[in-house]
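**Student:** Mind docking these for me? Both chains are given alone in their own frames, and the hints should help you get the complex.
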Amino acid sequence: KAGVTQTPRYLIKTRGQQVTLSCSPISGHRSVSWYQQTPGQGLQFLFEYFSETQRNKGNFPGRFSGRQFSNSRSEMNVSTLELGDSALYLCASSLRSNNSPLHFGNGTRLTVT
Amino acid sequence: DQQVKQNSPSLSVQEGRISILNCDYTNSMFDYFLWYKKYPAEGPTFLISISSIKDKNEDGRFTVFLNKSAKHLSLHIVPSQPGDSAVYFCAAKASGNQFYFGTGTSLTVIP
Numbered sequence: 239k240a241g242v243t244q245t246p247r248y249l250i251k252t253r254g255q256q257v258t259l260s261c262s263p264i265s266g267h268r269s270v271s272w273y274q275q276t277p278g279q280g281l282q283f284l285f286e287y288f289s290e291t292q293r294n295k296g297n298f299p300g301r302f303s304g305r306q307f308s309n310s311r312s313e314m315n316v317s318t319l320e321l322g323d324s325a326l327y328l329c330a331s332s333l334r335s336n337n338s339p340l341h342f343g344n345g346t347r348l349t350v351t
Numbered sequence: 404d405q406q407v408k409q410n411s412p413s414l415s416v417q418e419g420r421i422s423i424l425n426c427d428y429t430n431s432m433f434d435y436f437l438w439y440k441k442y443p444a445e446g447p448t449f450l451i452s453i454s455s456i457k458d459k460n461e462d463g464r465f466t467v468f469l470n471k472s473a474k475h476l477s478l479h480i481v482p483s484q485p486g487d488s489a490v491y492f493c494a495a496k497a498s499g500n501q502f503y504f505g506t507g508t509s510l511t512v513i514p
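Those protein sequence lines, which keep their order, are chains W and E.
Using our numbering, the first residue of the first sequence is number 239, and each one after it goes up by one.
Using our numbering, the first residue of the second sequence is number 404, and each one after it goes up by one.
Taking lysine-lysine pairs in the BS3-like style, the calculated list, with each CA pair at most 27 angstroms apart, reads:
(1) E:K474 / W:K295
(2) E:K440 / E:K471
(3) E:K457 / E:K474
(4) E:K474 / E:K459
(5) W:K295 / W:K251
(6) W:K295 / E:K408
(7) W:K295 / E:K440
(8) E:K440 / E:K474
Looking from chain E toward chain W, a few residues come up when the C-beta cut is under 10 angstroms (computed):
(9) Y439
(10) K441
(11) F449
(12) S452
(13) A494
(14) K496
(15) N500
(16) Y503
(17) F504
(18) G505
(19) T506
(20) G507
It should be emphasised that the hints constitute simulated quantities derived from the structure, not laboratory data.
Backbone N, C-alpha and C define an ideal beta-carbon position, used for all residues, glycine too.
Excised from the complex, chain E in its bound form (with noise of 0.2 angstroms):
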């Protein structure tokens, strides 16, 4: 039962415009949400995160939104650069320290 899902499998951004990357979950004790990035050959790089208790979380380019009653999650990446094309996972924790993991969303950022 995938608990956290990214619909889209692939998204293409003309560099310099906003990437934005969707999740879904199901679980209302989802409590810690997460994005990583991952670049072939290399583990998943932690980027941001945010506590049920915000609904927003910048960190530079990255801003993640959270949207409790839709039980939504996403990532906005403005300006996209080409350095950013890598597959983006989102995950979720309830309590303990079980994280809950999309499929991915490859992202590609064309120069």
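So here's chain W without its partners, still in its complex pose (with noise of 0.2 angstroms):
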């Protein structure tokens, strides 16, 4: 079974632009989360899809924001990018049943310069 599948691997970006990043998750899951992680941070919660709704949010600006689509692909977008905006993004998707985990894809290296 294929895993979690996250493009591009990196980005370089300006401050000012945006950016979109793209998931597939793992066949037959619908729950898709997005991470964003940082030097000397945990993985930051940024929002959940499930059915094409968003389900939870995290504490992040509402230039961050996602959609998913009927084939539970999920797209996430920044706009406006700040300095702050370099991380790595992590999609995970999960069955979303009780005590199943998440299996997170490889990231997106985001740098805005």
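**Tutor:** Dropping the structure here:
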């Protein structure tokens, strides 16, 4: 079974630009979550989508948004990029049942200059 | 507010010995706990989990212990191998599907 696929792996953007990251979950997984990892920080929760609806949202500004499509694929968008948005963005999928773990992709490394 | 804490940023262990990684949490509503392993340039890989109704779960060389009264979680790796060198994250979940992660412990297993 294919794992979680994230594209692109690396991105370099300029301050003020916007960016869209893509995630394809494991087949059969309808929940997709997004996390941000920065040096010295753990994984910070951005949001979760299930059945095309945002179910949970972390403490990030409105510049961070996402969506999920009917095939469970998800995209995350960051507008008006800031230097502090440079991070590894991780997507994870799960069955969303009791005691089912998250399964992560390899992430998108975003660098904002 | 960091609800899951890993107070040791790094740990070094000799090959063949036991590695013990620790994690503390503050939210008594957490009912599912997990450990992930992360190599550079890869996403975290699920390692082992435990629900709050248990106090121990084993999977091969990996054992997770849960002490609910102390709000403490630990991962034991026995015997440690050089391939275990990675960053380990603990995570916890209450209701819903939002997971809270610690900041990670970098384990180095010395051959």
